[in-house]
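Those protein sequences? They're chains X, C, L and B, same order as listed. If you use UniProt numbering, the first sequence corresponds to residues 1 to 352, in order. If you use UniProt numbering, the second sequence corresponds to residues 1 to 441, in order. If you use UniProt numbering, the third sequence corresponds to residues 1 to 250, in order. If you use UniProt numbering, the fourth sequence corresponds to residues 1 to 281, in order.
In case anyone wonders, no lab produced these hints; they're calculated from the structure. Cβ atoms here follow ideal geometry from the backbone N, Cα and C, with glycine treated the same way. Nothing false has been slipped in among the hints.
Beta-carbon label-pair distances, calculated as ranges:
id: 1; chain 1: L; residue 1: Ser213; chain 2: C; residue 2: Ser199; range: 54 to 62 angstroms
id: 2; chain 1: L; residue 1: Arg245; chain 2: X; residue 2: Asn108; range: 45 to 53 angstroms
id: 3; chain 1: X; residue 1: Ala182; chain 2: L; residue 2: Lys218; range: 55 to 63 angstroms
id: 4; chain 1: C; residue 1: Glu196; chain 2: X; residue 2: Asn36; range: 49 to 57 angstroms
id: 5; chain 1: B; residue 1: Arg3; chain 2: L; residue 2: Ser213; range: 36 to 44 angstroms
For the chain X half of the interface with chain B, some residues (derived, Cβ under 7 angstroms), not all of them:
id: 6; residue: Leu71
id: 7; residue: Leu80
id: 8; residue: Thr82
id: 9; residue: Glu83
id: 10; residue: Pro88
id: 11; residue: Ile257
id: 12; residue: Ile261
id: 13; residue: Gly268
id: 14; residue: Ala286
id: 15; residue: Tyr309
id: 16; residue: Asn312
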Amino acid sequence: MKDSQYVILKKENFNGFITGLSKLHKLVAPVSKGYNNYSFEEVSSGKEIAIKYIPTILPPKKFFMPQQETLLEYDISKDLHTEAVVEPEEMVLFGVHTCDIAGIQCLNMVFSEHPKDYNYLTRRQRIKIIGLECNEYCDEHAVCCLMNTYMPDGGYDLFFTDLGDYFIVHINTRAGEEIIEAINLFENAEKSHLEELEKLREKKRTVFKKELPIELGSIPELFDRSFESKVWNDLDERCLACGNCTMVCPTCYCFDIKDEINLDLSTGKRYRVWDSCQLEPFARIAGGINFQKTRAGRQRHRYYRKFRYPVNKFSRFFCTGCGRCSRACMAGIRLKETLGALMESESREVNA
Amino acid sequence: MSRDININVDYLTRVEGHGNIVVNVKEGRLETCRLDIVEAPRFFEGLLRGRSIFEAQHITSRICGICACAHSLASIQASEDALSITPSEQTVKLRKLLLHFETLDSHLLHIYLLASPDLLGVKSFIPLIDTHNQVVRRALRLKKTCNDMCSILAGRHVHPITATIGGFTKLPGKKDLDAILNMLEGMRPDIEATVEFVSTMRFPEFERDTEYVALVSDDNEYPLLTGDLGSTDGVRKGKREYRDVTNEFVVPHSSAKHTRLSRESYAVGSLARLNLSYDKLHPEAKEIASALGLKPKCINPYMNTAAQLVESVHCLEDAISTVEDLKNMGIDYDEEIVVGLNEQSRIPVKAGSGVGAVEAPRGTLYHNYEIDERGIIQHANCIIPTNQNLNNIERDMEKLVPEILDKSDEEITLYLEMLVRAYDPCISCSTHIVNVKFVNR
Amino acid sequence: MKRPKPKVAFFDFASCEGCQLQVANTGETLLDVLDVIDVVEFREIMSEKWDRELDIAIIEGSITDHHAEERLKQIRERSRILIAFGSCAAIGGVNGMKNNFDPDEIGKYVYGSDYHFFPTEKTRAVHQVVKVDYSVTGCPVYIPEFVEVLKAVLQGIPYYVPDYAVCVECKLNENVCMYEKRVGCLGPVTRAGCNSWCINNRNMCYGCRGIVSNPNEKGAKDVLSRYNIPLDLVLKKIDMYNKCREIKNE
Amino acid sequence: MERVVLKESAYNIKKGKILSIKQMTENEKLFEIALEGGESLGHQPGQFVMVSLFGVGEAPISLSSSPVTGGSFELCIRAAGKVTNALHRLEAGAEVGIRGPFGKGFPVRALEGNDLLIIACGLGLAPLRSLIRYIFDNRGDFGKVHILFGCRSPGNILFIDELKDWNKRTDISFECTVDQVDCARPDWIRYVGLITTLIPRVQIEPERTFAVVVGPPVVYKYVIKELLSRNIPERQIFLSLERHMKCGLGKCGHCQIQGIYCCQDGPVFNYGEIKHLKEAF
Ligand SMILES: Cc1cc2nc3c(=O)[nH]c(=O)nc-3n(C[C@H](O)[C@H](O)[C@H](O)COP(=O)(O)OP(=O)(O)OC[C@H]3O[C@@H](n4cnc5c(N)ncnc54)[C@H](O)[C@@H]3O)c2cc1C
Ligand code: SF4
Ligand code: SF4
Ligand code: SF4
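Build out the structure end to end from the sequences listed, making use of the hints.
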């Protein structure tokens, strides 16, 4: 029906779009929780959605890799009987910012890598993503320009950009196109619409400025030289090891595996639950040795897992610049400041 | 008839807390008759001193896990009184709802799990799992529903979390109200079955006229959260004069304090409330009352269990209409309280004294705090329903024992235990364990 | 697979008995539980008594006087497994606040000149008096955790109270952090396992589950000053449940 | 919600039946396990499996038997916690879940034709026994073989009967030391002292010697220092590291040592390749 890659949705049709879509699929979108906090929750009407929002408390990873998810069910009443399972759900995510789309792309790489994780991949298959452009910065914690995630770069089915009276929508996949077709409220994008989109992008390029005076490409080397930096000791004093920074990170995927048996003591399930490298017991083994005893070491590990290790393994950074870790930290440990401190302590050493 | 009876019920069971019954009859003459409380004292009033008034409800709810909501509500009322805060209409309705849930829960627990084994001739509900499986399941189902409703409204039944000075930290959403309404309506058949179950029970026939005390009011509402203090002997006082009602006093021959009002002892609880405010019961409840042969002034303490059932019906019906009211009014979410805001000094604090008087499931519960200008508690006093009943229980026993001397020791013991249990005593929450007597000292 | 049901008894010491009630509150799940254990004594809801050997003793409440200590020791002797049930038993809980006062002074305050009829000692948690095999902490206990512990007992495997912050569960539940509301929350130093019950209900964490093994005390104080939350207020709040931490095990 | 059965899930287990259990020391038992249907595990010495007890959990355990054995495999397990204690309570005939084998084992191909210095401390003997048995099975493929074993006390000696045999063998050299003597010391134990004291006693040609070391984390630092002082090239030293492991699939993050996952990239590492990893030791 629509041959161009772009369509538009008038604002007055937005509600109809959401209601219509929510009737077709489980629809999830950002909603306000007060105190400038948001979360992705199921919606059925446009007015529930916070179109202007800053990154949600938990990133959309909670749909791809739920906080707790069953891996295996077992029955040991007679013979040992087990079945590996996943309980996926068809859904559409609406309003995903570019940083979070980047986060999902990171997770895609992790879980597609051998040995493949079919729990993740099966869920992934059933989720459609509708992106939403940030026309301006969320707040001072974002580093999306430095991490180069502030512009759309694939990873979605549809992508919405708010242009005042209407949204311009980029159709990226066949699944996206099906949504457009199913909900008959879209119009063809004219040249003028595309020009307006280009104008917005131009403007964004002037508003979004590299948040720190460093080239993305030099970050790995900065980390190569920072392993023994004093910056980590400073974090040791401040960090409470609460784990918030990792729980809210769109690219943290560490988990624990636990067994739960029913009261019959013969049936039950094995499930995984989000875990965090910031927690005291994370690297402790039987016998009591803890391979990550200090908060300094654990904080360092967190930063290296964003800015150094994955660069080798996946050729990309695992920080999407969303700023969640900084917002979630009651101790005020800010990613931007930590990076800044690393740069500074290094330049001091160089100058000394 | 002259015989010796020596009853020593060490650790009275199926009551909340530790109590012992001691009866000593020598040659047909009653020598000793008392209910000892051996619960380890916990000194709540003492340890409240120096704590912020904003922590009071959190701490005092830990006086008793069985009537934790009532303690919270009494505590909040006392605190608000001291701080001169008037709760909104919505808050009052929600609090009433919470108290209804707890009353239902507590009464049903008592009827099914604590009292009915006696009437069915078993030691506990455990054997009933086999003999009366449906009854046990119904009891547990009802209890669970009350518990679930408390969870929605207050986070949980034992030590509610959301109820706080000023209102609630979390207000029920539309879906929550619907869910509660659903659960309440779903309880109706089980409550009907309960009525049937109880009407087959035969309560011992025993009467002793005494004074009954409860909250009373001039409006049409069955008073549970607000009102003055009144008695069947015609006393009426404001809640700030609670000390004149409870009259804790020292008995010359014993070191223990008792409470009394117009006569040697008084009773609180379901029967007291029914005797004072029978007319204000929900019509359904009144119907059940008359079917059970309960009408004011009923002076058979064993009938307290029946009165609890009547109140259960009242609470259920009143809760349903309260939820409907709330749904019609629509919840104002701006009233949600951020707890701990006192840390930011958002509720103005001043020196003062406040009293909370609430009809807990077992009777009138008083909390009284005195705070300084920083909101720090200087003095605290909590008077628990069971404390008020202990004296009355002993007087009942004194009258009962001579009447049943022809029965076997086992039977006498059972009658006495049942009597004590009928009051549904909550000894664990007795902050003032004032009733221990040392007759043989 | 039918194995003999273990004999289980509930005992209460200084407590509000709310944790026992939590068990009764589980509804028909209680029947499932009773299917796998044989409750032989549970004074709150049963008249049956048992003075012989026990497989599992479930202890509610703190130890506040000499009698209690003796009684507890006797129970320990005849029990194969002993579970400290609820914060009062596991960490001392609210009864610990009493340790802020001199026992005679607080006795006089509450009972006047007759205070000596109610002798009291420093409040102690159960493990400060006898060996404890399992702890179910929380005020009140969180029933899913209790059931988990019960299953661990039946399977003969250990249960470790989580040694990480309530914040973890709080985040999994996607709550708005209390610090965003500028309210001092004890979540960051309190052991998880309650599914962040209080914060899910928009209250703060009061620390009822005990403090993690290695809290960053200095860091926590800095956080409070960052948010202008008076330190003494929060320190006092820690005492609400954790005062018995100060008692060193003999 | 849909429920999909995942045939290919890496969390699927293979059923294993315990054929026999042998108490080795107070805390260690040897389990012989066969997979259902006689399936061969097909492992390399140095690899490990995740052993499951349902309702309890999983634990990574090294394979102790030579791959050549085929039909069944052996695990030497110390009762250290939840899963391992529960395993110790099992009896022959019980079923367990097995995932794996996982990880990179000892570089058998690279070792072939060279002299070997095998150093085992305590439970480190469990994985090394797999290699040693493999070497015995293919003795002609290797040069001189020295085996050093150290443990806390005579009561902690694993595979004691086999060790007696090794002691008698003439095609290898074998020495054993204990940190302390707490009960009757078998006469074939000649030394008391730390494992490091044995290293200077063996005669080696460093350039054609490969050292393979497995022991608790504390020993590596000292043993490696000793080996380097004997001029064994860094790249000819192999070791196996223990970490907390949950998935064995390089995902859960528990075993990560800086940029590498111990479960997939290890547990056997070449010292020369990881010596720069400060978190490794
Ligand atoms: C590659 C590899 C190979 C191995 N090979 C062998 C082998 O061949 N033989 C062998 O015996 N072992 C081997 N191990 C070690 C073995 O995996 C562990 O001993 C085992 O995982 C312990 O599991 P568990 O469930 O018995 O102990 P757990 O119950 O899991 O106990 C240990 C864990 O519980 C936690 N814990 C313990 N106490 C507490 C507490 N009080 N509070 C909170 N948390 C606590 C610790 O943090 C630790 O994570 C190997 C390990 C690895 C990584
Ligand atoms: S959120 Fe802050 S305090 Fe918590 S673990 Fe992360 S850095 Fe530490
Ligand atoms: S509300 Fe409390 S428990 Fe939750 S994240 Fe914040 S500090 Fe942690
Ligand atoms: S959130 Fe804190 S106070 Fe509330 S139940 Fe959990 S540990 Fe206890």
